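Listed in order, the protein sequences are those of chains A and B. The first sequence runs 14 to 453 under our numbering. The second sequence runs 15 to 170 under our numbering.
Keep in mind the hints are simulated off the structure, nothing from the lab. Predicted model only: the values in this text are computed from it and were never measured. Any given hint might turn out to be false.
So, partial list: chain A residues that the calculated Cβ filter (under 10 angstroms) puts toward chain B [what the hints assert, rightly or not]:
1) ALA24
2) LEU28
3) GLN279
4) ARG330
5) GLN374
No residue lacks a Cβ here, since even glycine has one placed at the ideal position from N, Cα and C.
One letter stands for each residue in the lines below.
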Amino acid sequence: MINPTTAWTAANAKLAKKPIYIFAIGGQTTVYATHDLAKEGITGTLPAYEPWLKIMQGASQSIDVQSGTSSIGELQCEVVDVGGAVRTLVGTTTLEGSTATLTVGYPGLAYTDFVVLHIYTLYKIVPQTDYTSFLFSSRDVQMDAKRTIWDHPINGSPLSADNPWIIQGTPCEIIQAIWVLGLNNDVAQIDRATMVQLDSPAEGIYSSARPFRFEMVEPFQAKQFLQDQIFKAAGMYPVVTNTGQYSVRAYRPFAAGPAPVFAFSQDNVTVLPGYDRAPILNDLFWQLDADTQQNYSTSLLYLDATSISSFGRSNERQVQSDGLRTELGAQWFAQDISQRMFARFAGTTGLRGGAPLISVQAFFATLPVWVGDYVTLSHPQMPDLFSGALGVSNRIFEVIDRSPDYANGRMQYKLLDTGLTGAAPAARIGAAVIGTDVIY
Amino acid sequence: MGAPFINYIPAGAAVSLNFKNGPLDFLAQDSGRVHDNLSTSGIRERLLEKVDILISFTMPALLVGDDFTDWKNFYAWAIGGGTFSFAPNVSVLYAPAPWSGGVYFFTCVLEDDSFAPKRVGLRRYSIDCKFRVFNDALTPANAGMVTEAFWGDQPL
Chain A
14 MINPTTAWTA ANAKLAKKPI YIFAIGGQTT VYATHDLAKE GITGTLPAYE
64 PWLKIMQGAS QSIDVQSGTS SIGELQCEVV DVGGAVRTLV GTTTLEGSTA
114 TLTVGYPGLA YTDFVVLHIY TLYKIVPQTD YTSFLFSSRD VQMDAKRTIW
164 DHPINGSPLS ADNPWIIQGT PCEIIQAIWV LGLNNDVAQI DRATMVQLDS
214 PAEGIYSSAR PFRFEMVEPF QAKQFLQDQI FKAAGMYPVV TNTGQYSVRA
264 YRPFAAGPAP VFAFSQDNVT VLPGYDRAPI LNDLFWQLDA DTQQNYSTSL
314 LYLDATSISS FGRSNERQVQ SDGLRTELGA QWFAQDISQR MFARFAGTTG
364 LRGGAPLISV QAFFATLPVW VGDYVTLSHP QMPDLFSGAL GVSNRIFEVI
414 DRSPDYANGR MQYKLLDTGL TGAAPAARIG AAVIGTDVIY
Chain B
15 MGAPFINYIP AGAAVSLNFK NGPLDFLAQD SGRVHDNLST SGIRERLLEK
65 VDILISFTMP ALLVGDDFTD WKNFYAWAIG GGTFSFAPNV SVLYAPAPWS
115 GGVYFFTCVL EDDSFAPKRV GLRRYSIDCK FRVFNDALTP ANAGMVTEAF
165 WGDQPL
């Protein structure tokens, strides 16, 4: 969820509004806006700007929860080349590799009220076919992980059997090691706060699990490694936040339970929500305890018998993680993750089949909703697949696809229902204070 | 009543285009670029991109060898996309800055992409003109101000 100011939220909630976008390129003092900021009453200290920005395209993000993958977001901003100024800039400055920041605000707001929608990295700048404008293409931070790690980050020598890089820890600790040490990326590019919370003992999600120990003896691509070896094995998926940070979400909400950040209803969706179903997942085949030749000495098969007998079919997914080690508790971990994934996707927790996937087209006012958020959906005309009644009320969903349509001023989402509605917060031991110490 | 007036700079030197006859069917319109979202319960959300001011009129009987040449030259330059100054009525003076009591004018670009005269008589041709008001410090707040100025009133 984007966290805007109160003034921005009020302006965004209005039924008649005029979004003003600003596109800024890292290292450049002049920004490009869709409107004349001063004439629109934007207050405060304004940057040097030119009202040459046309409406943007792209910046969608789509998650495959079962595979632990996320699409790479791409944003395209077209800037009109007034008097050849953009041509001169593009022709005299290397802009590829710079940050591309898109912000949005409304007339009359302070400039500091503008909220960041995306921070991507520029990778291509080309003139449009008629040469009257330039198209700035940028991609999200996942591109920074789509690189091969060749060398041991500690000694700088190539990875080999004689020079292995040992990576060990919780899933989040390994993500941070790959990001900061392996890729040598800025730590500010990752959402450490969420990762620390996922590892928090009070949350009980990954704190007690350090089942991974990788011996990296040959070069590997970081993004692929994280998806195949960590996310899929840990029931996680990556999310790129609006501030451009690389973050992750786990197989369940934090201990306090799912906290919906937005309520979709008949008053803000523009077409009747569409139903689909995620694939049923009731068969997980794990391979672990790999040697350096990726020969797995342990295989585990977990089945959801109730699901298989109910639906008459099994749908197997394979998880092969070279770092999962029996001696580190990997078998317990595999069993736990299997149970978690079956609870979400085996269709036996009242879902009557694959987890419902709802397509929603909505007002532009829903803009702050982000991938990975929990939201509610209510609509009196939706069939309730779990009761047979007409109408759905305050059902909790997880946003797994977000597609802004800036040109037409509307939003599209895909919402995943894994049966969280009515789930109680995780039980936890109450805190006691003795003196100045908080005892859990 | 004063006539409209155009000033443009084709090659470093300003050229004044005087209207020898008044235009017909002078219209100034607010044209909003809007995107409407209608919720399933009937609530409408409207997003406004921009309200463009478009001006259209007809020059009814340009005489070849006389004012036809002025308009031909203007179009030959303006089709290229250059901005020009347009005063709806040279007799209308406007007190606020930056006009500061001078003739009320603003900046326009040509919306037409062709010079397409229509024959109306011997050596006489008419042209339908369409201007788009350019977005700068001189831009009128709305199209009604253009209409008021055209008829000799103070734009409000």
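For each hint, the structure was consulted:
1. Here the hint on A:ALA24 is broken, as its CB sits about 12 angstroms from the closest CB of chain B, past 10 angstroms.
2. Given hint, A:LEU28 at the interface with chain B, holds; its Cβ is 5 angstroms from that chain's nearest Cβ, closer than 10 angstroms.
3. For A:GLN279, the interface hint holds, since its Cβ comes within 10 angstroms of a Cβ in chain B; the closest pair sits about 4 angstroms apart.
4. Annotation: interface hint on A:ARG330 violated; nearest CB of chain B at approximately 36 angstroms, more than 10 angstroms.
5. Against a cut-off of 10 angstroms between C-beta atoms, the interface hint on A:GLN374 holds, since the closest Cβ of chain B lies about 8 angstroms away.
When the structure is compared with the earlier hints, violations turn up for hints 1 and 4 and for no others.
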